[in-house]
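Please arrange chain B on chain A, whose structure you already have, making use of the hints.
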Amino acid sequence: MAMVKGKKICRFCENKIDYVDYKDERILRRFTNERGKIIPRRISGNCAMHQRKLTTAIKRGRILAIVAFESESYR
Amino acid sequence: MNLYETTFIINPQTDDATIDRHVREVADVINKGQGKIHHEDHMGTRRLAYEIQDLTQGYYASFIFEAPTSVLPKLQRHFKLNEYYLRYLTVRFEGNLEKLIRPAEEQAQSPKEKPAAPKDESDIDVGKGSEESLETAESPETEKIQTVETEAVEPEATDESETETPGDDAAEEQEL
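Note that the protein sequences, when read in sequence, are chains A and B.
The working numbering numbers the first residue of the first sequence as 329 and each following residue consecutively.
The working numbering numbers the first residue of the second sequence as 2 and each following residue consecutively.
A couple of the hints might just be wrong.
Claimed, not checked - Heads up, simulated DSSO-like pairs for lysine-lysine below, C-alpha to C-alpha not over 27 Å straight-line:
1. B/Lys37 x A/Lys336
2. A/Lys336 x A/Lys365
3. B/Lys37 x B/Lys81
4. A/Lys344 x A/Lys381
5. A/Lys365 x A/Lys344
6. A/Lys381 x A/Lys351
7. A/Lys344 x B/Lys100
8. A/Lys387 x A/Lys336
9. A/Lys381 x A/Lys336
10. A/Lys387 x A/Lys344
11. B/Lys100 x A/Lys387
12. B/Lys100 x B/Lys37
13. A/Lys336 x B/Lys75
14. A/Lys365 x A/Lys351
15. A/Lys351 x A/Lys336
16. B/Lys81 x B/Lys33
17. A/Lys381 x B/Lys33
18. B/Lys37 x A/Lys351
19. B/Lys100 x A/Lys351
20. B/Lys75 x B/Lys37
21. B/Lys33 x B/Lys75
22. B/Lys75 x A/Lys387
23. A/Lys387 x A/Lys351
24. A/Lys365 x A/Lys387
25. A/Lys365 x A/Lys381
26. A/Lys387 x B/Lys33
Quick caveat, the hints were computed from the structure, so don't treat them as lab data.
Just chain B, with the same shape it has in the complex:
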């Protein structure tokens, strides 16, 4: 059993129910082959970087699943036989699955989970104060951590690389 990620594009020129059915069909193929779907992502209708069958938009969806290798040819066959799949790509998933799954769970359980986690830390410091005051003191801290995490991803958006490259590129072309 290996972890795989399959991403595919569906022709968006049908109604939402049909698109959803096509997504479910892929899930069925995985499930029938004793696969287990861990994560499902419907990215929705996006602009295509180039035209495929004269279309400029496509409906993107992806599954991260664990399955025996026998599923992969079945998946490929399914994609090939049905022409409403514009593109498909199945690769071994090498990212962090827990990172993907956890944020979704935390959102659902946030009222219960969040106060419980700092309690463990407060147990160590019981001598300093009552549990209640510690909990209130630590709750903003957890919020801070969350903001730091989101910021850590965002700075990627710095323009430096974009400003650097056009100049270098022009220089390169002149050399040629």
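Bound conformation, chain A alone:
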């Protein structure tokens, strides 16, 4: 799958979101794969600052059982 080269824009910058809420299941789900892993920056296109904030948010969300640490229903 050849991806078209082009500047990926950080979704958080685009929407001017400066705080990633760890209670927002929708956002945390969007940036984890079906296994529960955090999607890397090179794929999601997030900027470094927002990826950092997102990572802490996802990790906090895992503690509070908002997103899973890992999902067994895979394969």
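Chain B in isolation, oriented as in the chain A frame:
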């Protein structure tokens, strides 16, 4: 005094009054330690991403509060001693508190606040027309701003990232 946010999960297998009492207990601990609660959020019963004590659902609630550091160990002690708290997390709050509080206030005061705000702008343009016509002209504008704000949050729901990632992931795994 620092701003903190504490989120906790309560065992939902009791009646609503008991759950509410458990939420109030947390608020009491904060208030007793000279803390001040700025925002309270009862998210209600939600599905847990994984089972905790064989439960699949939990009652979520959170407080955003300002308190001296001495409150935090007391809070932690409270959560640890009472087994109906399934999980708790207290972190420094780094979001925009005003954004959280304002929407609630605007809803309550909307009939009074909304017409008052555009008036200030109309004062500048008084030369062009009467105040009344300006006010009516500007009221839809404020509505527009509101819709733009809500839309700005929604586009997050674009599926692009979701469609992008599974393919990349599969590729990654093949490499491994």
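Status of each hint after checking the structure:
As the CA atoms of B/Lys37 and A/Lys336 are separated by approximately 42 Å, the hinted pair breaks the 27 Å bound. Taking the CA atoms of A/Lys336 and A/Lys365, the gap is about 20 Å. The hint holds against a cut of 27 Å. At most 27 Å may separate the alpha-carbon atoms for a hinted pair to count; B/Lys37 and B/Lys81 meet this at roughly 22 Å. For the hint pairing A/Lys344 with A/Lys381, the CA-to-CA distance comes to about 14 Å; that is within 27 Å, so the pair holds.
For a cut-off of 27 Å, the pair hint linking A/Lys365 to A/Lys344 stands: about 25 Å separates their Cα positions. Note on A/Lys381 and A/Lys351: the hinted pairing holds, with a Cα-Cα distance of about 13 Å set against a maximum of 27 Å. This hinted pair checks out: A/Lys344 and B/Lys100 have alpha carbons roughly 13 Å apart, not beyond 27 Å. At roughly 24 Å between alpha-carbon atoms, A/Lys387 and A/Lys336 fall within 27 Å of each other, so this suggested pair holds.
Taking the CA atoms of A/Lys381 and A/Lys336, the gap is about 18 Å. The hint holds against a cut of 27 Å. Proximity of A/Lys387 to A/Lys344 is assessed by CA-CA distance (about 22 Å); at most 27 Å being required, the pair is judged to hold. Annotation: proposed proximity of B/Lys100 to A/Lys387 holds, straight-line Cα distance about 24 Å (limit 27 Å). Taken as a hint, the B/Lys100 and B/Lys37 pair is honoured in the structure, with Cα atoms around 18 Å apart against an allowance of 27 Å.
Straight-line distance between C-alpha atoms of A/Lys336 and B/Lys75 comes to about 46 Å, which puts the hinted pair past the 27 Å bound. The straight-line distance between the Cα atoms of A/Lys365 and A/Lys351 is roughly 17 Å, inside the 27 Å bound, and the hint therefore holds. The hinted pair formed by A/Lys351 and A/Lys336 meets the criterion: a straight-line CA distance of about 26 Å does not exceed 27 Å. A hinted pair counts as satisfied when its Cα atoms are at most 27 Å apart, and B/Lys81 with B/Lys33 qualifies at roughly 18 Å.
In summary, the hint linking A/Lys381 to B/Lys33 is not supported, as the alpha carbons are separated by about 32 Å, beyond the 27 Å threshold. Under the criterion of a C-alpha separation no larger than 27 Å, the hint pairing B/Lys37 with A/Lys351 is consistent with the structure, at around 22 Å. Under the criterion of a C-alpha separation no larger than 27 Å, the hint pairing B/Lys100 with A/Lys351 is consistent with the structure, at around 16 Å. Taking the CA atoms of B/Lys75 and B/Lys37, the gap is near 15 Å; set against the 27 Å cutoff, the hint holds.
At most 27 Å may separate the alpha-carbon atoms for a hinted pair to count; B/Lys33 and B/Lys75 meet this at roughly 10 Å. For a cut-off of 27 Å, the pair hint linking B/Lys75 to A/Lys387 stands: about 24 Å separates their Cα positions. Taking the CA atoms of A/Lys387 and A/Lys351, the gap is near 11 Å; set against the 27 Å cutoff, the hint holds. Distance check on the hinted pair: A/Lys365 and A/Lys387 sit about 10 Å apart at the alpha-carbon level, within 27 Å; holds.
For the hint linking A/Lys365 to A/Lys381, the alpha-carbon distance of about 16 Å falls within 27 Å, and the restraint holds. Distance hint between A/Lys387 and B/Lys33 is unfulfilled; the C-alpha atoms sit about 31 Å from each other, more than 27 Å.
Checked against the numbered hints above, the structure violates hints 1, 13, 17 and 26; every other hint is satisfied.
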